Amino acid sequence: MKSRLIYLINRMRRYRHAALFAFATRIVVFILGGIAIGFLSAWYMIDRGSPLTTTFSGSWSLWVHDGDVGADPYTLAHMARSGRLPVTSSNALYFVAKRDSEGDRLAMDCDYVLSGKPLDTDWWSLALYTEDGQPVKNSNGRSSMNSTTVLRLENGNYNIHLSKQVRPGNWIQISGREPIIIFLRLYGIHASKDFSRSNAIEQNLPVIRRMDCR
Amino acid sequence: MNISWSGLLFRVATLLVFGAAVHISIILFLPHFAQGDAWARLENEAGLNRLVILSGNGRKKAPIAFMAPDVRYAACRYDLSGGPVQLRSPLPNDLWSIAFYSRHGENYYLISGRDVQSQAVNLLVVFDKTIDNEKPGERNLSGTGNNVLREITVSAPSPQGIVLIRAPVPGSAFASEVSDRLKQAFCRPVVFARQQAAAHEQRIGKRR
Numbered sequence: 419m420k421s422r423l424i425y426l427i428n429r430m431r432r433y434r435h436a437a438l439f440a441f442a443t444r445i446v447v448f449i450l451g452g453i454a455i456g457f458l459s460a461w462y463m464i465d466r467g468s469p470l471t472t473t474f475s476g477s478w479s480l481w482v483h484d485g486d487v488g489a490d491p492y493t494l495a496h497m498a499r500s501g502r503l504p505v506t507s508s509n510a511l512y513f514v515a516k517r518d519s520e521g522d523r524l525a526m527d528c529d530y531v532l533s534g535k536p537l538d539t540d541w542w543s544l545a546l547y548t549e550d551g552q553p554v555k556n557s558n559g560r561s562s563m564n565s566t567t568v569l570r571l572e573n574g575n576y577n578i579h580l581s582k583q584v585r586p587g588n589w590i591q592i593s594g595r596e597p598i599i600i601f602l603r604l605y606g607i608h609a610s611k612d613f614s615r616s617n618a619i620e621q622n623l624p625v626i627r628r629m630d631c632r
Numbered sequence: 004m005n006i007s008w009s010g011l012l013f014r015v016a017t018l019l020v021f022g023a024a025v026h027i028s029i030i031l032f033l034p035h036f037a038q039g040d041a042w043a044r045l046e047n048e049a050g051l052n053r054l055v056i057l058s059g060n061g062r063k064k065a066p067i068a069f070m071a072p073d074v075r076y077a078a079c080r081y082d083l084s085g086g087p088v089q090l091r092s093p094l095p096n097d098l099w100s101i102a103f104y105s106r107h108g109e110n111y112y113l114i115s116g117r118d119v120q121s122q123a124v125n126l127l128v129v130f131d132k133t134i135d136n137e138k139p140g141e142r143n144l145s146g147t148g149n150n151v152l153r154e155i156t157v158s159a160p161s162p163q164g165i166v167l168i169r170a171p172v173p174g175s176a177f178a179s180e181v182s183d184r185l186k187q188a189f190c191r192p193v194v195f196a197r198q199q200a201a202a203h204e205q206r207i208g209k210r211r
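Residue numbers (the numbering used here), protein chains in the order written: chain A, 419 to 632; chain B, 4 to 211.
Please keep in mind that the hints were generated in silico from the structure rather than gathered at the bench.
Bear in mind the structure is a predicted one, so any value in this text is a computation, not a measurement.
There's no promise every hint is true.
Pairs of lysine to any residue residues, derived as SDA-like cross-links and limited to a Cα-Cα distance of at most 20 Å, are as follows [said to hold, decoys possible]:
hint, chain 1, residue 1, chain 2, residue 2
1, A, 535, A, 588
2, A, 535, A, 622
3, A, 555, B, 58
4, A, 555, B, 9
5, A, 516, B, 68
6, A, 555, B, 68
7, A, 420, A, 431
8, A, 555, B, 174
9, A, 555, B, 178
10, A, 516, A, 582
Full structure from sequences and hints, please.
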């Protein structure tokens, strides 16, 4: 009788341990799952943006309230993570491109042509960066082009070549295999909140066409 | 394991609510704990209340991410706990600008060459919430016409922040001219400016 009682107690203990273990496993999976969901969704919305914070136009994205006082928490988190100090969106706009017109990641082992139309702004500057925010290094030390230096066609449009080999006209040298980020800064935006004007600017942004890849 | 639909739904909903809580916490706390924000990066460049010309093309990592290669920058991390800070800078053309940021990068005030038709501007940064930056206090310190030196009082929303001067370089021919002009800018505590003025007065007094 006594031995049967001990057997039952041991069995209950084992069962309790197994149940506790199963419960603890479920809790750990639940916590890890929640953290993964929270972390990945936050990273996506801070890095890429969403319609709540960002407008997308072809290859270009724009954080609408970059630098603004009272900007939404996503924009504030995006700015803190990026380490940038943008001017308020009523004075400047910062368009960013990470992909070409086909949606492929921009990289230094391909050649590109950027074809743009005149932009209704005081001054613009287009610059190439590596992913950590450093200007692209090349042999001629030029990693940007601006509205003063760019050579234009008769109708005011322009083409900028990004390639390893020298090209006539507007040329920025790229070589290597790293991904590229292109920033287009528009300074002297006096009425960016005016929808028709913003729309005109977005329609005239350069189209990024990929040519050959090495 | 036999789980009913309602039990499964409850578990998924709980998981999503927990995930949303994690998501909101990350978004809200990131600006306060980000190690690579502009303030943290500029700490390596210069002490408080000092203007430093930033180099974006050197070998070391750029002090601000994504600096425009055709813009020269100068930055001052200010701390108003010891009193107001004075910033003086040329604004020689429409493209130059001086932007004031909170500790977390909100651009609360901006003045450009387009706004001020003078070769230099004196900005007094104070921590005084009674001042409206939309109607800043403004007076002429010296000079006339385009050579007038204006002083504008700017109210900071918190004691710490950053001032960033942007000086676009339209082409390489303008590089040295822009750099020379930028070197004329400075940032310093007003107490220090007063001490200097007092020392100057003393020196003059001794000579007399």
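Hint check:
no.	hint	in the structure
1	535/A to 588/A	holds, 14 Å
2	535/A to 622/A	holds, 5 Å
3	555/A to 58/B	holds, 14 Å
4	555/A to 9/B	violated, 58 Å
5	516/A to 68/B	holds, 16 Å
6	555/A to 68/B	holds, 15 Å
7	420/A to 431/A	holds, 17 Å
8	555/A to 174/B	holds, 18 Å
9	555/A to 178/B	holds, 19 Å
10	516/A to 582/A	holds, 19 Å
In this structure, the one hint that does not hold is number 4.
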